[in-house]
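Student: Chain residues, written in single-letter form:
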Amino acid sequence: MIKDKVKKIYKAKVKNVEKVSISAYLIKIELPQAVEVKAGQFISIYCKGLTLRRPFSVFSSKDNEIGVLFKERGEGTNYIKSLKSGDLIDIIGPLGNGFDIKNKKSLIIGAGIGAAPMAFLKSKTDELNIESLFAAGFLNKDEIPSVITPDKIYTDDGSYGESGSILNYLGVLINTYNPEIIYVCGPYIVLKTVANTALKYSVECQVAMEKVMACSIGVCRGCVIDIKKDNKVINASVCKDGPVFLGSEVVWQ
Amino acid sequence: MAVMTNILTTDLNGLILKNPIMTASGTFGYSDEYNEFIDVAKLGAIVTKAISLNPRAGNKNIRITETKAGMINSIGLENVGIEKFLETKIPVLKENNIDFVVNIAGSTIDEYKILGKICNTNEIKAIELNVSCPNVKSGCLEFGTDENSLYELVSEVRKEYKGFLIVKLTPNVTSVEKLGMAAQNAGANAISAINTLKGTAIKINCLNGKIQKSIIQGGYSGVGIKPVAIGAVMRLYKTVDIPIIGIGGIESLSDVLEFLAAGAEAVQIGTANFTHPDITQNLVIELENYIKNNGFENLEELKKELRK
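Chains as they are written, first to last, in the working numbering: chain X, 1 to 253; chain W, 1 to 308.
What follows is a set of in silico ranges between Cβ atoms, one per label pair, in the way DEER data are often shown: (1) W:E301 <-> X:N78: 41 to 47 Å; (2) X:L128 <-> W:N54: 43 to 49 Å; (3) X:N140 <-> W:S214: 26 to 32 Å; (4) X:K229 <-> W:L257: 46 to 52 Å.
Computed cross-link-like contacts, EDC-like style, restricted to lysine to aspartate or glutamate with a CA-CA straight-line distance of at most 16 Å: (5) X:K8 <-> W:D39; (6) X:K8 <-> W:D278; (7) W:K68 <-> X:E75; (8) W:K18 <-> W:E286; (9) W:K178 <-> W:D241; (10) W:K203 <-> X:E75; (11) X:K240 <-> W:D32; (12) X:K105 <-> X:E131; (13) X:K48 <-> W:E66; (14) X:K8 <-> W:E36; (15) W:K117 <-> W:E156; (16) X:K11 <-> W:D278; (17) X:K48 <-> W:E251; (18) X:K240 <-> W:E36; (19) X:K8 <-> W:D32; (20) X:K211 <-> W:E66; (21) W:K60 <-> X:D226; (22) W:K18 <-> W:E288.
Hints in this document: simulated from the structure, not taken from any laboratory.
Beta carbons are placed, not taken as given, at the ideal position from N, Cα and C, and that holds for glycine.
Go ahead and model the full structure; you've got the sequences and the hints to work with.
Tutor: Structural data, given as structure tokens:
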């Protein structure tokens, strides 16, 4: 007898793919069954003809529907973008640990497409009645996905919201909002700067890391990063041990 | 690994597998993660991630990159070391009734000997010698590319280890047959071929007029190496008398059949596990159906027909 396995490879049905900014798309897929997804968890999508699956953090999840917000970057995302309503898509997930949501006043920071999982996290903190502020930074107005509504928006070129990189406002944000915890997702430099700033202000911080993955389930050791644990530096896989780590335990490059 | 005979039973001349579908070292961990997707106990055997005498942290920097028709890895044999492996991984494998081969890697003959001895003491039924990892600076690739060194290494391990000894060959040589003969003459029970090809990828990005370049050197695997692997298996089949386990770019039933036709008695699935975590289990089912639907009695008969 084949046991009922915990993890599933789903043939999900594409509901629709929608362009939501100059470079981002939202794909909604329907799984054969309802799944529970934590903010910060990801799914891994098989892209026809490519060896490696592509991991995407989840943007929305309700019953058996999962939404993924992605930026067009290369062959994989080009394939996903081209999918039509009714097409079948091969996914595994949800994978990874996800954010460990604390009942604390939360500052939620997203930069670029990294705002996607943070919008999901914001909806979770709202559901739990946890006080939170969602601040997101983008290159310019055209990059802001229409499906994301942060409390505060920053654009590098000043075309929308506050002018300049969100990183320039970290100190002000922390001083005025006084968060007890910060959650962040975005490019490496954003994660590093936010983690270091949080440390400086003695605020707890959780970062969602990103790395190229092969297996996406913790087997291949392809996506490891250095983590400090008990005064030792060890390897942790972004796919299984992460993608969310404490900002203070990551060994930043 | 005593099993009841069925139509897929595979006899590697001393090691009997319930079917010829195995997993390649480094692509299946120690099976825990895949056991959440499939029933790993249904596979012929898994080959563990390479185990060294001491724990290894592996390489820094970029470890994997996708290429056309495959990927390049430079993991650098990250593993928990033999002691922890025996303590934490073996019990799980046994508890789940998973047949396994322990892949071992050393950087000196002494290390291989000690590993062989430890496996012998712990009654590990089968080991696979990794003599050809392209990602470790000093060590195992040298053994795998020189027939005299390989002969010496395998002979020394043979003295320490009484179980089923498989030697995994590298394709990064002029004549894989000579290495195969060296392994056989030194007392190997089987050969697995091939390990990854030595490869390099250069990724170029231009950002605001500035070229950003990243270079990754390592082992090339995936569907692109299949023709190299089939060629190696065919040449080995004509040269050596011990069983050959075929590896290289297998991702479908037809790939399996091609390797059997080339002379492989069993196959290992590698990179395709990453793409399709359930591929091994599916191949077992598909192979069984193929034999039944085409009126063959069993795998042995199919092999005979394929090699005519």
